[in-house]
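For chain A, the structure is supplied; the task is to place chains B and C on it using the hints.
Protein chains in written order, with the numbering used here: chain A, 1 to 295; chain B, 1 to 241; chain C, 1 to 327.
Hints are computed from structural coordinates only; laboratory data are not their basis. Fair warning: there could be bad hints in the mix.
[Unchecked claim] Result set (DSSO-like, lysine-lysine): computed pairs, CA atoms no more than 30 Å apart in a straight line: (1) C:K5 to A:K263; (2) B:K116 to C:K204; (3) B:K8 to B:K154; (4) B:K154 to B:K128; (5) C:K144 to B:K114; (6) C:K144 to B:K132; (7) B:K70 to C:K107; (8) B:K132 to B:K70; (9) B:K75 to B:K156; (10) B:K154 to C:K204; (11) B:K75 to C:K204; (12) B:K62 to B:K75; (13) C:K76 to B:K156; (14) A:K184 to C:K107; (15) C:K107 to C:K5.
All of these numbers come straight from a predicted model, not from anything done at the bench.
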Amino acid sequence: MELIVQVCVSGLLLGGIYALISIGLNLIFGVVRIINFAHGEMVMVAMYLTFWLNYFFGMDPYVSTIIVLPVMFLFGVLIQRVIVQPIQNSSANMKIFATVALSLILQNVALIVCKGNFRTVQVPYGMSTIELAGIFISVPRLVAFFAALASITLLYYFLKNTYTGKALRAIVEDDTIARLMGVKVQNLYLLAFGIGCAFSALGGVLLMPFSSVYPSVGIPFTLIAFIVVVLGGLGSMGGTFLAGLFIGVVEAVGGTYVSPALKEAIYFGIFIIAILIRPQGIFGKGKGSEEVGLK
Amino acid sequence: MDDLLVVKDLTKNFGGLAAVSEVSFEVRRGEILGLIGPNGAGKTTLFNLISGLLASDRGTIKLEGEELAKKPPYKRSAMGVGRTFQVVRPFDMTVLENVMVPIFAHYKTSKEAKEKAFEILEMVRLDKLADKMPSNLTLAQRKRIEVARALATKPKLLLLDEVLAGLNPSEVAENLPLIRQVRDSGVTILFIEHLMDAMMAISERVLVMDQGALIACGTPDEVTSDQCVITAYLGEEAPEC
Amino acid sequence: MRTNKLIIATAILMLGLLVVPVFFTSTFILHMFTLVFFYIALTAAWNIPAFGGKFSLGHAAFFGLGGYTAAILYVKCGISPYIGMFAGTFVAMLGGVILSFPLVRLKGPFFTLASIAFAEVLRMVAVDWRSLTNGSVGINIPFKPGWLNLTFTSGMPFYYIAMGLAIAVILLSWWIRSSSLGYHLRAAAADEDAAKALGINTAKSHFLGLMWSSGLTGLIGVLYVFYNYVLEPGSGFSMDRFSLQPAMNGIIGGMGTIWGPVIGAIIMTPLGEFLRFYLGTIQQGLNFVVYGLMLIAVVNFVPGGIVSLMEPWFKKKKSGDSSAADN
Chain A
1 MELIVQVCVS
11 GLLLGGIYAL
21 ISIGLNLIFG
31 VVRIINFAHG
41 EMVMVAMYLT
51 FWLNYFFGMD
61 PYVSTIIVLP
71 VMFLFGVLIQ
81 RVIVQPIQNS
91 SANMKIFATV
101 ALSLILQNVA
111 LIVCKGNFRT
121 VQVPYGMSTI
131 ELAGIFISVP
141 RLVAFFAALA
151 SITLLYYFLK
161 NTYTGKALRA
171 IVEDDTIARL
181 MGVKVQNLYL
191 LAFGIGCAFS
201 ALGGVLLMPF
211 SSVYPSVGIP
221 FTLIAFIVVV
231 LGGLGSMGGT
241 FLAGLFIGVV
251 EAVGGTYVSP
261 ALKEAIYFGI
271 FIIAILIRPQ
281 GIFGKGKGSE
291 EVGLK
Chain B
1 MDDLLVVKDL
11 TKNFGGLAAV
21 SEVSFEVRRG
31 EILGLIGPNG
41 AGKTTLFNLI
51 SGLLASDRGT
61 IKLEGEELAK
71 KPPYKRSAMG
81 VGRTFQVVRP
91 FDMTVLENVM
101 VPIFAHYKTS
111 KEAKEKAFEI
121 LEMVRLDKLA
131 DKMPSNLTLA
141 QRKRIEVARA
151 LATKPKLLLL
161 DEVLAGLNPS
171 EVAENLPLIR
181 QVRDSGVTIL
191 FIEHLMDAMM
201 AISERVLVMD
211 QGALIACGTP
221 DEVTSDQCVI
231 TAYLGEEAPE
241 C
Chain C
1 MRTNKLIIAT
11 AILMLGLLVV
21 PVFFTSTFIL
31 HMFTLVFFYI
41 ALTAAWNIPA
51 FGGKFSLGHA
61 AFFGLGGYTA
71 AILYVKCGIS
81 PYIGMFAGTF
91 VAMLGGVILS
101 FPLVRLKGPF
111 FTLASIAFAE
121 VLRMVAVDWR
131 SLTNGSVGIN
141 IPFKPGWLNL
151 TFTSGMPFYY
161 IAMGLAIAVI
171 LLSWWIRSSS
181 LGYHLRAAAA
191 DEDAAKALGI
201 NTAKSHFLGL
211 MWSSGLTGLI
221 GVLYVFYNYV
231 LEPGSGFSMD
241 RFSLQPAMNG
251 IIGGMGTIWG
261 PVIGAIIMTP
271 LGEFLRFYLG
281 TIQQGLNFVV
291 YGLMLIAVVN
301 FVPGGIVSLM
311 EPWFKKKKSG
321 DSSAADN
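Okay, chain A solo, but in the shape it has when bound (with noise of 0.2 Å):
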């Protein structure tokens, strides 16, 4: 009995982060419409940049979001002009090449520059843990999932109450209106990814203290990603955090009871049910699942 709440309760944790990362995929997903199958790359590339910051200067990756954060904004930025911009009138198969390119780019200077071993930052709070009525929790996934809780609320703002927000809810609602209404799609279309990648950076910082990186790490935090948002509904923040949360807990209890190596059948398992049962998306209001083709 301990056992399963205590799977439960870090599953809930990385949910936390997983959450995170699909935030920033639904908001390039709902705003640009790519699939960027190079998403988990993001988080990969963070990682890397949060371990070198950590071996080089031995700065604490929760610091190093200062710099990571900018940088990875950036770099989204430029993946949107650079890859996605000159195709973004190509069909929907042109743009998943685009992005199946980069994330195999991507994979590979790593493991050219990097090579292919896990590196882990060693930090002291890196294996500690608080106890609370018999559950232990480990410190960094408890910061993580509080971080990821504020960025997301922060996100929810901002998207809210902010004039550009506003506008990117309304591109997500409807491209060609908002274009009507005169606002600037491409600048947009270029925060978007700038914002999206910004969130998977820290979700990938975040892991950080308690996971390893290694080349091809990002793989299953793309596949994770889309599964939450097809379970969680486009556009919806609310239902891609549950969702996010929802896959944290059962990657941890079919971890556990069933095989960790078999984690990804079970994504895929759920996948597959979810657009059985459920095609508009778990906790999705539907909007957003004719996009998936799910009607």
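Just chains B and C now, kept in the frame of chain A:
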């Protein structure tokens, strides 16, 4: 005259918005029935509901007494509902092949399909262009491909969505008789059109939609003198409709 | 006249290909030809769902399912590889049935994603299910030469097997493309709604396309395993070699056409091997960076693939012919 299609209380909501609300009408066998209404009145949505590309929320759609509402689009097509689309997007193959695509449902071999497709192309006067790619054709010709493709499904009821829109007057004059010719070959026609003159010239009856509801139905003369229709188009406050 | 010339050219090409192993006894050249044939077959099989606009990045799943089925049956149960071919094809098609749920329900890009996930899941299962698959150690086909065991001392038999396979898959895909299924798939690719309204059960068409594709890929997987002797999760379910590579060949050659996959495989296979040997030894991963850059270049400058570049040339020839006929 007997009724080919009977639509009753058909309703479709998008979110909170009623795109089509409680629409009831019938299409008589062998007639040309026009459907008009301002932009956003729900005309194309109604077509999507009848052809099955959208699932209705409520109401019944009966073709020759058989219920369509729960059937997938391809079954409705087999039962005799054909349609064209407002935005013409011919398949990326030759004109002949475009028309062959639906014919494969009835004929299994390429040769038979080809012969049948040629017959239909002759009817819409595209037989000389059979081997051309649609992208090299004029809009009027591409609209005729749409009609030919729909005819290839052997429809009893043909839903035409703005087959005249965007054409110049001489092209309209060329395509307009085609509609009558199709009807004379035994196909009942329900069609959406914005060109009022053309519409009034060939339809026997006209339906008028506004904001998802059916607001008038009658002969062209009756409809044009109807106060509700005039207000719907001019956007004035109607005394009582 | 023109068709006659074409038949003669094809006949010469076929004869040439038939005698290659007689004149070139070098193992390297034979291997390269065999590999090209395998990739032509793989790419042409991958291309069938692409007629319908569905783009898979998980065909390694079918390749691996076919290969593992035959290898396990042969090594663990002593069942003949010829029966294994049927079994492998069948199991790969079962995999196709599973992947058909996302295929039918999801729009293009999301199907692609699901296909990646599917292949990755199977790779994980192959690593994890040690009692059946020997885990990451893999399965070795024992070297007992003879036609009965589909194992040979020279590379010649497999040269012909792979060549036959490539020709068979090209002919099949040509037949599918010009049959009603092909027209329905192409219509669905161009405009799914219009296709439905014209009476096409698009879900069924996509499903049938995937069945052909998965079955053929499974069969290719079986033969490849007996050519290669070794099968482990990282190679059998390899994302790079059997999911990405056929897709890449298809895109670069021209997706959804008959000759695109052939041209793509002929160009990319030797190039891929070259890059792997030269760049890969200088710096592991460098070949994939080059691949990625090539792919981005193709997407930006030749989105229709090499075939689209050759099209005007073909058209010119064709219209020249017809005008000659008019005169």
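(message) Under the constraints set out in the numbered hints, which ones does this structure not fulfil?
(response) As far as the earlier hints go, 1, 5, 6, 8, 13, 15 are violated by this structure, in ascending order.
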